[in-house]
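K.L.:
Okay, here's what each chain looks like letter by letter:
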Amino acid sequence: MTALPFSRQELLITTIARLLQGCRLVATGASSPIPGAGALLARAQSGGHMRVNVLGSVRNDFLCDGGVELFDLAGQGRLDAFFLGGGQIDGEANINLVGAGGVYPQTDVRWPGSFGSGYLYYLVPRVILFREEHSRRVLVPKVDFISSAGPKNDGTYRPGGPIGLLTNLCWFAFDRDKRRFRLESVHPGHSVEEVRDHTGFDFDCPASVAATAAPDADILTLLRTRIAREIAETYPRFVAQVFPDLAAAGD
Amino acid sequence: MTKELGPNLIGQVPLQDLDRLAAQIPHGAKIAVPPDYSGVAMALTRAMIRRSLRDLHVVCVPISGLQVDMLAGAGCIGTVETSAITLGEYGTAHRFQAALRAKQFRMMDATCPAVHAAIQAAGKGLPFMPLRGLLGTDLLKNRPDWQVIDNPFEKHNDPIVLLPAIKPDFAVFHAPFADRNGNVFIGRRRELVAMAHASTASLVTVEEIRDVDLLASEESAAGTLTAAYIGGIAEVPRGAWPLKLWDIYEYDEAHLKLYGEMARTAEGFARYCDEFVHDRKAAE
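Heads up: the protein sequence lines correspond to chains A and B, in order. Quick note on numbering: the first sequence equals residues 13 to 263 in the working numbering. Quick note on numbering: the second sequence equals residues 816 to 1099 in the working numbering.
Be careful, since some hints might not be right.
Partner residues aside, some chain B positions facing chain A, computed with beta carbon under 7 angstroms [to be verified]:
1) Thr894
2) Ser898
3) Ile900
4) Thr901
5) Ala913
6) Arg916
7) Gln919
8) Thr926
9) Pro945
10) Leu950
11) Gly951
12) Leu954
13) Pro974
14) Asp1028
Pairs of lysine-lysine residues, derived as DSSO-like cross-links and limited to a Cα-Cα distance of at most 30 angstroms, are as follows [what the hints assert, rightly or not]:
15) B:Lys845 <-> A:Lys164
16) B:Lys970 <-> B:Lys845
17) B:Lys939 <-> B:Lys956
18) A:Lys164 <-> B:Lys939
19) A:Lys190 <-> B:Lys970
20) B:Lys956 <-> A:Lys190
Derived DEER-like restraints, expressed as beta-carbon distance ranges [unchecked claim]:
21) B:Ala1031 <-> A:Pro248: 38 to 48 angstroms
22) A:Arg238 <-> B:Ala1069: 44 to 54 angstroms
23) A:Arg71 <-> B:Ala1069: 24 to 34 angstroms
24) A:Asn165 <-> B:Glu1065: 41 to 51 angstroms
25) A:Glu144 <-> B:Ala1081: 48 to 58 angstroms
26) A:Asp187 <-> B:Arg1086: 49 to 59 angstroms
27) A:Asp257 <-> B:Arg866: 50 to 60 angstroms
28) B:Phe968 <-> A:Val115: 50 to 60 angstroms
29) B:Asp832 <-> A:Asn165: 54 to 64 angstroms
30) A:Arg241 <-> B:Gly906: 26 to 36 angstroms
31) A:Pro17 <-> B:Pro979: 49 to 59 angstroms
Treat the hints as calculated values from the structure; they're not laboratory data. A virtual CB, placed ideally from N, CA and C, is assigned to each residue, including glycine.
Here chain A stands alone, though its shape is the one from the complex (with noise of 0.2 angstroms):
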């Protein structure tokens, strides 16, 4: 195989970026390099009508009533675009932070916790789930412990919900009536058979699957420059690994 003009986390960045046109305020959580690198590149293609907040920035964080006010933000309506993830995701999209195996609260596996989840997920209308690791312990049946449920049409208040699953290999798009994912693209280099091989939930699957759109050269170089300078202020470290052209020409 011929090798990509652009790297992995690239392409995930340019497809995030894509998939957040068009929002109005877009937040990024805890540990989220590549969503916040691409929310600071949709940003800059946004021609001034996007405001992003990067946890963990001084120079794009605008928040400054405290650690309620982006729960807030959701709670009014105001934050179009959020990213979770998950140590498990299952097919109707429930998500689990918590711990996997044993019983709860000693499960044999013990993650984090669920952040701000258990609420965000119910309100921002755009919520985009991205988990790198694309395989069958992460992408399960059915999770052990739900941190968010995905919607389920009970007629509960709920504004929000997942869009999709970002993954090293796919987009999936969230089908909110079905409460199914379908597999809308499949990443340069991969296949539908390495999806199906690598997801242990049942997911609808067209007759002819799109590639996810290759970023053009343009856009390569504004994310190689500017976004990486900007992401680089909240993630030293990625950048350093990621871009290190722009790491080693001391920006």
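For this one, chain A is given, so just place chain B on it according to the hints.
P.N.:
Just chain B now, with coordinates in the frame of chain A:
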């Protein structure tokens, strides 16, 4: 430091050394603590471990890391109420996880805005606060203290979660400075204000005490926690070490890496405590 106000007071607030401040916290106390980036009273935490405090109920507003890992490793904790415990880039919170597996404390998993809302309820003197979300989660299922009611203001069925107020005995944190009257500068860290309002008293360590009056101008008053909430202050330079304090100093990466390695095992953690908690010269 102001001298004319008496040796042990700034304004009406007791000015104490670190160990006297820690001595205000009894076994079983409920304490509210901020996240790692907001100003954690780590020197005071080490003093608490030296006092062998037991059965603390630690409310993380809304998450914690090194502080809870150390208190858990030292056997100080009876209950952890939090939305997450993470050491971030410095690896897994091994002491917290080991103590949890060994059932050494009660675990109350929450979600960030639930902790904030319950703290705000106490700050307003309210018995509870409603919160959206949470329906259908195992968080809700495992929190018998949370209730679901039908929104009484809505004609159709609209279930909503009620959270009982969290009323800590103490808010415990570290800030850059206090003024001559015991007012504490908290900048934009409004979660510290919410914690202080909810708690019976706040025990605060500061980098320094300055001979100024924070309430004298609108600019500084807007970033101030007023002295009426403060139960004691200690002047402790680098009191958040090895964590960061805002933009004043950064994480001590080398030390956190060392902690992450040593705290993998109970024995390693005990050696860490010998060197950096019990031997104060090494730590402060």
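K.L.:
Identify every previously stated hint that the structure contradicts and give their numbers, smallest first.
P.N.:
Hints 1, 5, 7, 9, 14, 15, 16, 18, 22, 25 and 28 not satisfied by this model.
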